[in-house]
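Student: Sequence:
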Amino acid sequence: MLKALALGAKSTFIGRSYIYGLGAMGQAGVTKALEVIQKELDISMALCGVQKASQISREHVLVPADFEGNWV
Numbered sequence: 001m002l003k004a005l006a007l008g009a010k011s012t013f014i015g016r017s018y019i020y021g022l023g024a025m026g027q028a029g030v031t032k033a034l035e036v037i038q039k040e041l042d043i044s045m046a047l048c049g050v051q052k053a054s055q056i057s058r059e060h061v062l063v064p065a066d067f068e069g070n071w072v
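Residue numbering for the sequence shown follows this note's numbering, beginning at 1 and increasing consecutively.
No lab work stands behind these hints: they were computed from the structure.
Quantities reported herein were computed from a predicted structural model and do not represent experimental measurements.
By construction, the Cβ of each residue, glycine as well, lies at the ideal position given by its N, Cα and C atoms.
The reader is advised that the hints may include incorrect statements.
Unchecked claim - The calculated lysine-lysine pairs, modelled on BS3-like cross-linking and capped at a C-alpha distance of 30 Å, are:
# : residue 1 : residue 2
1 : Lys-52    : Lys-39
2 : Lys-10    : Lys-32
3 : Lys-3     : Lys-52
4 : Lys-10    : Lys-52
5 : Lys-39    : Lys-10
6 : Lys-32    : Lys-3
7 : Lys-3     : Lys-39
8 : Lys-32    : Lys-52
Unchecked claim - Now the in silico label distances, taken between C-beta atoms and shown as ranges:
#  : residue 1 : residue 2 : range
9  : Leu-62    : Tyr-18    : 24 to 30 Å
10 : Gly-23    : Arg-58    : 35 to 41 Å
11 : Gly-26    : Ala-65    : 44 to 50 Å
12 : Tyr-20    : Ile-43    : 17 to 23 Å
13 : Leu-41    : Leu-62    : 14 to 20 Å
Based on the provided sequences and hints, a complete structural model is requested.
Tutor: So, in structure tokens, the structure goes:
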């Protein structure tokens, strides 16, 4: 999620994470899955030295020097 935000995304999809939580534990599983995603983003942001999602920028991700595509 951090990479997508760093490359300019305004939002991201979380894929199947909440569905797995729903199947495993019902509503409590969905809540837990969302908590895990939030905690992972918080940790990634801390490792990058930012406190707010609005502070995430392209300089927080490594783009290969020979990359010829467009991720944005």
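Student: So which of the earlier hints does this model not fit?
Tutor: none
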